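4 protein chains.
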Amino acid sequence: MSSTYGENLKISIFGQSHSEAIGVVIDGLPAGFEVDMDELGEFLARRAPGQGKHTTSRKEPDRPEFLSGLAGGKTCGAPLAALIRNTNTRSSDYDNIRDIPRPGHADFAARIKYGGAEDVSGGGHFSGRLTAPLCIAGGIALQILKEKGITVKAEIKEIGGKKDGFLETVEEARLDADSVGGVIECVIEGVSAGYGNPMFGGVENKIASCVFGIPAVKGVEFGAGFEAARMRGSENNDEFYYEEDGRVRTRTNNHGGILGGITTGMPIVFRAAFKPTPSIGKPQKSISFSEKKDAVLEIKGRHDPCVVMRAVPCVEAAAAITVLDIILGGKN
Amino acid sequence: MSSTYGENLKISIFGQSHSEAIGVVIDGLPAGFEVDMDELGEFLARRAPGQGKHTTSRKEPDRPEFLSGLAGGKTCGAPLAALIRNTNTRSSDYDNIRDIPRPGHADFAARIKYGGAEDVSGGGHFSGRLTAPLCIAGGIALQILKEKGITVKAEIKEIGGKKDGFLETVEEARLDADSVGGVIECVIEGVSAGYGNPMFGGVENKIASCVFGIPAVKGVEFGAGFEAARMRGSENNDEFYYEEDGRVRTRTNNHGGILGGITTGMPIVFRAAFKPTPSIGKPQKSISFSEKKDAVLEIKGRHDPCVVMRAVPCVEAAAAITVLDIILGGKN
Amino acid sequence: MSSTYGENLKISIFGQSHSEAIGVVIDGLPAGFEVDMDELGEFLARRAPGQGKHTTSRKEPDRPEFLSGLAGGKTCGAPLAALIRNTNTRSSDYDNIRDIPRPGHADFAARIKYGGAEDVSGGGHFSGRLTAPLCIAGGIALQILKEKGITVKAEIKEIGGKKDGFLETVEEARLDADSVGGVIECVIEGVSAGYGNPMFGGVENKIASCVFGIPAVKGVEFGAGFEAARMRGSENNDEFYYEEDGRVRTRTNNHGGILGGITTGMPIVFRAAFKPTPSIGKPQKSISFSEKKDAVLEIKGRHDPCVVMRAVPCVEAAAAITVLDIILGGKN
Amino acid sequence: MSSTYGENLKISIFGQSHSEAIGVVIDGLPAGFEVDMDELGEFLARRAPGQGKHTTSRKEPDRPEFLSGLAGGKTCGAPLAALIRNTNTRSSDYDNIRDIPRPGHADFAARIKYGGAEDVSGGGHFSGRLTAPLCIAGGIALQILKEKGITVKAEIKEIGGKKDGFLETVEEARLDADSVGGVIECVIEGVSAGYGNPMFGGVENKIASCVFGIPAVKGVEFGAGFEAARMRGSENNDEFYYEEDGRVRTRTNNHGGILGGITTGMPIVFRAAFKPTPSIGKPQKSISFSEKKDAVLEIKGRHDPCVVMRAVPCVEAAAAITVLDIILGGKN
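Top to bottom, those sequences are chains A, B, C and D. Residues 0 to 331, numbered by numbering that gives the first Met the number 0, are exactly what the first sequence covers, in order. Residues 0 to 331, numbered by numbering that gives the first Met the number 0, are exactly what the second sequence covers, in order. Residues 0 to 331, numbered by numbering that gives the first Met the number 0, are exactly what the third sequence covers, in order. Residues 0 to 331, numbered by numbering that gives the first Met the number 0, are exactly what the fourth sequence covers, in order.
These are calculated hints, taken from the structure and not from any lab test. Incorrect hints may appear among the rest.
[Said to hold, decoys possible] Straight-line alpha carbon distances no greater than 20 Å define the calculated DMTMM-like cross-link-like pairs of lysine to aspartate or glutamate that follow: (1) D:Lys73 x D:Asp37; (2) D:Lys292 x C:Glu243; (3) C:Lys162 x D:Glu226; (4) B:Lys292 x A:Glu188; (5) A:Lys161 x B:Asp98; (6) D:Lys284 x C:Glu243; (7) D:Lys292 x C:Glu242; (8) B:Lys292 x A:Glu243.
[Claimed, not checked] Facing chain B, according to a computed beta carbon distance under 8 Å, are these residues of chain D, among others: (9) Lys9; (10) Ser18; (11) Ala20; (12) Val24; (13) Arg62; (14) Gly72; (15) Pro78; (16) Leu82; (17) Tyr113; (18) Gly123; (19) Val186; (20) Phe288; (21) Lys292.
Treat the numbers as computed from the prediction; the structure is a model and nothing was measured. Beta carbons are placed, not taken as given, at the ideal position from N, Cα and C, and that holds for glycine.
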């Protein structure tokens, strides 16, 4: 099982990079919600190729086609299904990848798992393209959350180890036929205290479980995260105080809005680490399945030197899906 | 829902710090396995209080009582249940915590969620004591994995931001009536390539989902983790090569044994960040529920200045439970 | 949550009777299986309208379009998605149903649940048309099971309380502007002993849980079923004996191939009771939501006086999906 | 996986007939509910041996011991765990069963599944004794439902095919060293319209999935059930009308309170068929595993000639657990 997520809101993502279409089924959306299609389109455009100055957006934005789940423009209680057609034809560009797995990519693992039946074309089901249906589901979840007073906002904190000059860092990597990764921080505001559960049903468990579903994520941390491990308790503990409006808040937010797996009413804050794009122009050492010996791989074509810009809405999508899933389950 | 985990191996943990008992039900263990009770006892002893030179072990080790799931000393296919009696009587030590929530602790979130019905005594179900039943399940899982040629080994990488001199760092914190956290790394060897799934069914998703169930964990990363976000693709990508025995391996292991959510046959490597123990001797600012105003909290009694030593077997337990759960599901 | 099923093989069904399309996502299919599209088409044709002599098949068979999950004609490990376009335009035929719920139909319950946002057109997501995607998933599961030596065969045992003359019984009902239900029996052969689990993980629980997902099913029984409740133990108990080939079998099969939730190697046998089609030509007493008073409903158009013939492949589909789900999980 | 049930309320049952103890962990109970222990004791007494005139109650009622989940007598949000000690010592009564499986019992299937590691003593985990922890969970669920205005009441409709004279029928079977089964009907009142979901998430699916977890159940039907399959639509369809209080109800309840998987506000009605107790005094034909040939089995000791009386509270328990699980999930 791979591509389903959620308990109260269940999403099932399908598609390969070069299959007829990619898409998502979303089961459990509240009935009667009017999806703002323009807003959704703008959200999806944020993950389309060409999010930085250094590249030119050459592709039309992907337009989802809605197959079910709406009646009169509103959610009707039935599962919502949407697809995006793949316009790329199956090319022979991937013939060498079938034999020589790309370092850092899923090619090798997929070959062992599926015994050669896997769809290698464009990365198949492992392609970053599969984040488009994630963003359809996430974009709708964001709208529903907004109506409930909850906002989800992600931003880049680091690229290639630097905290600014992101486009320059990416451009340098591109000129070197190389790639860079980065860190994205996501802040969720407006979730009241009392959601989530201790141990395995915690908000951290659920968010991590979804965010690790975005390709290239290798780490997830909440609040002060790994930095908390370097603090003393007296520094890391967030003092409680009464706001003038009678609400209890904390002065700092090292706990990232979650204590004991349960929301405290403070903003939920997490960061995800993205590894650098594995497909790079430089020649790389790998192996040849057919010849059963070491081989050098040269990947043809242009490659995205950094997915971090396009991953920002994907992180928001994963966060929104998780939070809506949690909220639909109530506080019990 | 909170304290259940797993798909093929289901564990259900119960108990509060001061309830009659704590324990675990494990459903799905393979039948016919003889649990080595001595080995299990030694494993459990590793998480008992007093794991460092700086403290004296004053408590008898917790001895689990097995209620079901065994016949003639072997697993019989029925759910295995084990409990550990709590010998602490319900004390009045926690009366002030009922009114003044501890910063960094679950007290406040639990109060909002359970409306005052929560068991605050000793931290209730949020207590680190609940890692004992986790270790019962994990200790059994470790033995089953060992029989399959799989080993799980965790160790401390950092305490209080330092990479050595752990006991000194802890002792300093203790003398300051303060606490420190740390980072634990876990290595799982012997899992063959092809387990796991893309997207939400990935090995990373499943491990993170379990490890965040250990109290105080605020971050989880795989392979190079957050450091990967600072590398270039050419550095981070792990080259494949043929071993003399015909197996394909990678020369480095920045991917931590998982690509595309699927195992590659390389060791699975992850790190978990533990925040410093929230209960400290220093006075802390908090609020009083009853007086609806800010208040100062002074926590009585001795407190563990660092849980990281005792958390090492807990991380192994969580890893072993997850890996056994994955392996029992097969590679399809 | 409504339209997802399965643990190892997860299906997610979408669509409304008059939405753009209906379809299914199937996650967890073994990779490398070549789906026989002609055989699948023939299977789907069995549930198309006009399965009896008394009606004329006026509709083209629904042809599924495959969006993903196949590469080179074989399953590739990625989720398989298929859809069927709805050719019916949204008509105004259902305007009165929006106000006056049909007795025996989901109209009233859906109105309360979805607050008027539900898609009433053609029955929306509750339509029998949604069994088409069930049959796509089931048809593929049947082919995979066949390769494993497992066959699933359903047949009608009763219509309108009679054990033969089915078409005459249906025709009589039709002439009376009425409808009839019936009983379908399903036999699954070739499942070896040892699958399933005691209590809630039993084969009976899982089959029932899926078969009750077919609209109009109001009862499910295994082996001798309700008749077993009228036997004595000495009659109902199935004697074991050794076959000449060394296999243990039972002389009778009142247990329907399942004891203690676990398969015995005997054929799995179950029956499902289908209520008569609720949409009938006769005027019926109901209520008007808008006028908040009792009202008489007259349903326009032709209606299927009996769904039982068309339900036979649906029962096979549900059985095949469940059995494949169980088998993919293995015997542990 | 076998002995866990539920999505919002998760129960995990453990124990064998002759293990140290049997019991249950219940995760997800609303916090702050005071369990009436006397009422629970009375409920449990209803499934204790000796519910009919024909037998003498020789055993003390099983008294559950509560290990966790309560604080000050009320549920505290943490998982509730309860156990019942087994007082029977492991006897050698079951030595012949280990070799000669009882017809109609799980012995044979368990032997194949667990390869001889299964606990045959007293039926192990398959024993009817495991309905005691089911009744602990169910008894608590009943109390919570009662507070919400929901009642669950089961009664015997048939024993040995007769609709009255139950004790005489059982006594006749006993005198013949034989056994009888029966049919239990359960009525759940007070569930408002709008719970449940279409297709696999229906109330019927969920109830059936739990009720088939009671040993000996071979059929489950809702409302008119199998009889509906013999009616015409005009008979089976339940007319809607407005009550004087403004509520919509149906004049008949052939639909058993569920249409399209969703509650209608009418009483939920279902029946479960129990097969006759497989353990009977008469000699029966079976096989010997050790000798690999046919063999005759004579079961020693007294045996319950009918479990139906004791099964009544078990059906109520399963129904209550399911309904509470559904209600805790809300109507979305």
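Which numbered hints are broken by the structure, listed smallest first? Hints 4, 5, 13, 14, 19, 20, 21 not satisfied by this model.
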